[in-house]
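Student: Take the given structure of chain C and dock chain S to it, following the hints.
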Amino acid sequence: MVYSSKFKDHLAHPRNAGELPDANAVGDQQNPVCGDRLRLSLIVKNDRIETARYLAYGCPPTLVCGSVLTELVSGKTIREARKITKTEVLDAVGGLPSRKHHAAALAVETLNTALDNGAKT
Amino acid sequence: MTASHRIYLDHSATTPVDPRVAAAMARALTENYGNPSSVHGFGQQARAAVDRARREVAALIGAKPNEIVFTSGGTEANNLAIRGLCEAAADYGRHIVTSAIEHPSVRGVCDALEKRGWEITRLPVYDNGIVRLEDVNAAIRPDTVLVTLMWANNEIGTIQPIREVGDLIRERRGAQGGQRHLWFHTDAVQAAGRLSLNVDEVGCDLLSMSAHKLYAPKGIGALYVRRGVRLAVQNVGGHQERERRAGTENVPAIVAFGEAAKLAREEMYERVAHDSALRDRFESRVKQLIGDVVMNGDREHRLSHLSNISFRFIEGEGLLINLDLEGVAVSTGSACSSGTLEPSPVIRALGVSDEVARGSIRFSFGKDNTEADVDYVVDVLSRAVERLRALSPLSVAGH
Numbered sequence: 001m002v003y004s005s006k007f008k009d010h011l012a013h014p015r016n017a018g019e020l021p022d023a024n025a026v027g028d029q030q031n032p033v034c035g036d037r038l039r040l041s042l043i044v045k046n047d048r049i050e051t052a053r054y055l056a057y058g059c060p061p062t063l064v065c066g067s068v069l070t071e072l073v074s075g076k077t078i079r080e081a082r083k084i085t086k087t088e089v090l091d092a093v094g095g096l097p098s099r100k101h102h103a104a105a106l107a108v109e110t111l112n113t114a115l116d117n118g119a120k121t
Numbered sequence: 122m123t124a125s126h127r128i129y130l131d132h133s134a135t136t137p138v139d140p141r142v143a144a145a146m147a148r149a150l151t152e153n154y155g156n157p158s159s160v161h162g163f164g165q166q167a168r169a170a171v172d173r174a175r176r177e178v179a180a181l182i183g184a185k186p187n188e189i190v191f192t193s194g195g196t197e198a199n200n201l202a203i204r205g206l207c208e209a210a211a212d213y214g215r216h217i218v219t220s221a222i223e224h225p226s227v228r229g230v231c232d233a234l235e236k237r238g239w240e241i242t243r244l245p246v247y248d249n250g251i252v253r254l255e256d257v258n259a260a261i262r263p264d265t266v267l268v269t270l271m272w273a274n275n276e277i278g279t280i281q282p283i284r285e286v287g288d289l290i291r292e293r294r295g296a297q298g299g300q301r302h303l304w305f306h307t308d309a310v311q312a313a314g315r316l317s318l319n320v321d322e323v324g325c326d327l328l329s330m331s332a333h334k335l336y337a338p339k340g341i342g343a344l345y346v347r348r349g350v351r352l353a354v355q356n357v358g359g360h361q362e363r364e365r366r367a368g369t370e371n372v373p374a375i376v377a378f379g380e381a382a383k384l385a386r387e388e389m390y391e392r393v394a395h396d397s398a399l400r401d402r403f404e405s406r407v408k409q410l411i412g413d414v415v416m417n418g419d420r421e422h423r424l425s426h427l428s429n430i431s432f433r434f435i436e437g438e439g440l441l442i443n444l445d446l447e448g449v450a451v452s453t454g455s456a457c458s459s460g461t462l463e464p465s466p467v468i469r470a471l472g473v474s475d476e477v478a479r480g481s482i483r484f485s486f487g488k489d490n491t492e493a494d495v496d497y498v499v500d501v502l503s504r505a506v507e508r509l510r511a512l513s514p515l516s517v518a519g520h
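Chains as they are written, first to last, in the numbering used here: chain C, 1 to 121; chain S, 122 to 520.
So here's chain C without its partners, still in its complex pose (with noise of 0.2 Å):
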């Protein structure tokens, strides 16, 4: 397969990668048919994200898409980041074959999750 060269940047130098100790806002998500896994920490304040880290596990689509959705959200309103959609993850990684379109899908759903317990806490 040949990835885009944004996709290898993104692979080769992963950006915001990690944890955050004072994170307010964690998502983490498995695709349970292929066990690509997604961590999302975020420190959101008044209503805005102002840090995002992000951890993977899996094929590289995945982690690309991880890192490319720690830069979408970054600096984002929480109803900006709801609005994310997986073609726009898809867009950011420079496109990625159809079979692969799962990796975006589980970036948006982890989004999703950290979002949904960050307004829980």
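Derived by calculation from the structure, the hints in this document are not laboratory data.
Note that the structure is a prediction, hence the values are computed from the model and not measured.
All C-beta atoms in this analysis are idealised placements derived from N, C-alpha and C, irrespective of residue type, glycine included.
A portion of the hints provided could be inaccurate.
[Said to hold, decoys possible] Derived, one-sided and incomplete: chain S residues facing chain C with beta-carbon distance under 7 Å:
| # | residue |
| --- | --- |
| 1 | A259 |
| 2 | I442 |
| 3 | S513 |
| 4 | L515 |
Tutor: Using the frame of chain C, we list chain S on its own:
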């Protein structure tokens, strides 16, 4: 590729063409353009070149030249061997014994025959990646017509007990009321040129080879067919290859295969010594520098050029692409498609967890690799593993 290095560690997938092989092939392309079936001088010159190559390929495995059938490669050789033998022997029985770690071309033919009513016994390999002789013995039934086992595995390099299986089959045939209609095929695509093979010593009836694993071009292979073994012909419409495979011979590729077989035979011991020294250097450095690794397959009975390692907590393809960005070519059996996890069936057959199977990478060395290559690869590998582990929720949770 923008990386400053280009290091090829995927010799089990294919090898670069040796310049001496390329030169022989180039001469055949321009000088031996006659059709070997033609009676005139041009044809006979091409025929002589094909015959010379056939002698070299036969010599690599201790066969007679007229027992060699040239094919388009290993996959066709496996298809011709299994399908050809089974279709010819169907009146005697419809049961095949094979293993759980065969190449897809063997697995695929067996699966196709199963759909047509054949019964297939797929033997396990246990944690060392090797079939047990007692399992082979127990699996052979009165209606078994074929035992097909690879000589050496393409992903983990484990060497199967082919000689012992050959002895067993000879015994079963020769016993009182013995099973005369039992044949033995081995897929030696990874073994040819890397191990000393002799068809008479192991007593196999059919043996598959592929040229591009021994520094020759793609598109050419061979099937050894022991004299007297009948095959249902799969390619009909010509008298070539003693009526066993119709179609005008690919003369330049056959000449290249012959040259490569000759060089493999002459240089086998130095190549094996070279490859195993690099492989051992690589493995000892990996163990020194990178923790949480699993070396897959038997440590002793394995090909000298291959190392299959699982890096815990990360997935193989991410590592492969990271290495590719640094100019290093390796391969992984792990593949995730349509959201379905498909770790390598070979690594899974070792009984390891999904996570270990997904983190497996095959490094396969060749005659042109150097110690400096190994050191560079270990350096970029350890950094890539560290980078990916820093991302991994499995690694962070466990440490």
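Student: Now tell me, hint by hint, if it's right for this structure.
Tutor: Structure-based check of all given hints:
no.	hint	verdict
1	A259	35 Å, violated
2	I442	6 Å, holds
3	S513	5 Å, holds
4	L515	5 Å, holds
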